[in-house]
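Fit chain B to the supplied structure of chain A, relying on the hints for placement.
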Amino acid sequence: MSFSSSPPRRVGVLTASPAVIMLFAWMIVPLVMTLYFSTQYYNLLYPGRTAFVGLENFAYFFTYPSFWTSVFNTLLLVGSVLVITVVGGVLISVLVDARFPGQGIVRILLISPFFIMPTVSALVWKNLLMNPVSGLFAWVSQLFGLTPINWFADWPLLSIILIVAWEWLPFAILIFVTALQSMNQEQKEAAQMDGATPVAIFRYLTVPHLARPIAVVVMVETIFLLNIFAEIFTTTGGGPGDATTNVPFLIFTQALLEFDVGAASAGGLFAVLLANVVAYFLIRLIGKSLDA
Amino acid sequence: MAGIARVAGSWLVALIVFFPILWMVLTSFKTELQAFSMPPDFFFGPTLENYREILERTDYLHYAWNSIAISGGATLLGMVLAVPAAYSFAFHPSTRTRGTLMWMLSTKMLPSVGALVPIYLLSRNLGLLDSRILLITVFAFVNLPIMVWMIYTYFRDIPKDILEAARMDGATTTQEMIRVLLPVSRGGLASTALLSLILSWNEAFWSLNLTTTHAAPLSALVASFASPQGLFWARLSAVSTLACAPILVLGWFSQKQLVRGLTFGAVK
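These protein sequences, in sequence, are chains A and B.
Every letter in the first sequence is one number past the one before it in the working numbering, and letter 200, counting from 1, is 212.
Every letter in the second sequence is one number past the one before it in the working numbering, and letter 36, counting from 1, is 42.
Next up, chain B with everything else stripped away, as it sits in the complex:
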């Protein structure tokens, strides 16, 4: 009996937590009138009208492309910097390694607002405001500490004998990394890249402050619906659903791997 109560309780809690997302998706298929109606419409004939409007009127694809290019670019740049660093910390540790790793993590604790003014002025003077390359660089740096830590925890668990053996066979460092290390740790690398994609895709602080339209990603497009003239809830729901769906699905498939990365391997 206690078992049934527990199962019911679990489902109830899960549905409550998930409800805002469900409600958003449902609302996206309503007409504006149904979206405003009181009492709320639970049973309605779904319409794709909002999605059509969003695609036709808001230049959605431009923002979506920015999101893809920026989070993809930031992830790529981040990986190029993080993999060698993690390799160094895991396989060539020195007395400074622990300190360096802790220092990297501490940079993550520096609040973004502390850097906002100088980064804003620097990018303005360099003519980089509202450019994709700027956001790619910023996101890569913002996520770099977490990426290094995450890959480091994966590398640390790889038996050193494998690398020793490769070295005995005369492999150079580059070969060692590409032929031996990357294949063994591709699961960990994939989940690191995934986390970077998720964080970059959802990032809003830098997107809102450093872009206007040219390089603005989806999180900025959604924010533009906060203004009074944007108060069309069905349409807001549709654009939100479109903006969140890819990352939500990615997150569902990668939840197990993410735990390890998000906790720097401290929770198994």
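Next comes chain A alone, as it looks inside the complex:
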């Protein structure tokens, strides 16, 4: 094969270089700067007064009252949304898998939320649906004689979880519906002939077939869910208190509201570490199936 001869190899290095070098710079420059800032006293309000403070920023960030809450919120947000979207996605995909009139339209409706920008979905949910006085949910609960829920006051994190799950459910559906199309229909029919119940078919044929797509959905969603920001920024601003503050939002408040670059950098490194721990397990779990 001429592909392994020497000039093509040079071509290979040359063509890959721009992307690799740029991406490396995009990764390493902020990382080194963050490392440096994390050891400095550096507040944008007093730019002249910088000093080396060792690990003080880390100590400050890790003992910050909101820190553990934000870690907990981050994990709860990622975990809940993953569970809702994967379980809901599988069930809905199986439901709409059969051929029926209007199937195309049903699928388009189902995947639409994925294309709505986060700032829009957050504001539409907060003001048009979840508003305790004039939101649609309030009206529906009154129809049933219930007291409307004051979503963002009483269940702030749950409200965020619902919004984010609504945004990501379509992604799971999109992937699972596609995966179901490639399922072996003869096998399914044979199982039906042998008297397998729909539940058994779902359990022993559909779910194993979906294992890999589920792994992919979990990985892609986790990448994005660890970074959830706009939904919180536009609805609760992290509150009430720190009820909806996740790690990204906490760092944002440190950096751009309190101008504490040092503490924000220490937090940034923690976020990188957290993502790496998650990524390590994910890549081990899924890395192989991506290489197929």
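Rather than coming from a laboratory, the hints here were simulated on the basis of the structure.
Careful, some of the hints might be misleading.
Sample of chain A residues facing chain B (criterion: CB under 10 Å; computed from the structure) [as the list claims (entries may be wrong)]:
hint, residue
1, Leu-56
2, Ile-117
3, Thr-131
4, Gly-147
5, Leu-148
6, Leu-181
C-beta: ideal position from N, C-alpha, C; glycine also.
Frame of chain A, contents of chain B only:
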């Protein structure tokens, strides 16, 4: 019978999932009074008043232009970097290729907030805060790993004989790419570009933190309606509809191709 229940169930679920979007669009055609009314107004005489207000008062076109320029620019820059890289990984693989691809994906897992402080300070010192060129660059880098992966999965499926044949006929690498590869893979390239457009258009974290007004895209304009004085729901709905419509329609037309890209070809 079970069939009918299933069809009805499918439609019901689809309508529930789609409902917030439908409600947003409906509200955008109401007066502010109707938008607040309780019980909600389902039947009303539609008005274009909100759209007129948005276009007249908010400088909507400025933000729309920013969105177009930034996501278009980021997509272009991303493609210029991603296509050669994907070509290299697919057709000139070395022992390091797999590792490099995995490393690229892992950079996507680094949280944006980890880079926020340094990027903010760098762009401030370079005088690039609130500039389109900054967002173009940032979005291009943010989406680059996914774009490389996506194009790589398309290139990988192209029979190598085609390139061999071209090379036999004396084609240079550049000719090989432009004359042979790009035409064969234009569907894949188009859907990659589309995904980059969608992600850039909807991006909010960097837009909110690196821009104020000059370079702010639509996602930032919508966010400005979160403030108390912006509590005009019909108007909010109108600006949201305007901000989402182009990407929503693009998404509808490209759903099939997107799956492959979003899953790096792992789901077919």
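Checked hints:
1. This hint holds: A:Leu-56 has a C-beta 8 Å from the nearest C-beta of chain B, less than the 10 Å allowed.
2. The beta carbon of A:Ile-117 comes within 8 Å of a beta carbon in chain B, closer than 10 Å, and the hint placing it at the interface holds.
3. For A:Thr-131, the shortest C-beta to C-beta distance to chain B is roughly 4 Å, which falls under 10 Å, so the interface hint holds.
4. The closest approach between the C-beta of A:Gly-147 and any C-beta of chain B is roughly 9 Å, which is under the 10 Å cut-off, so the hint is satisfied.
5. With 10 Å as the threshold, the beta carbon of A:Leu-148 comes within range of chain B, its nearest partner Cβ sitting at about 6 Å, so the hint holds.
6. The interface hint given for A:Leu-181 is met, as the beta carbon of that residue sits about 7 Å from the closest beta carbon of chain B, less than 10 Å.
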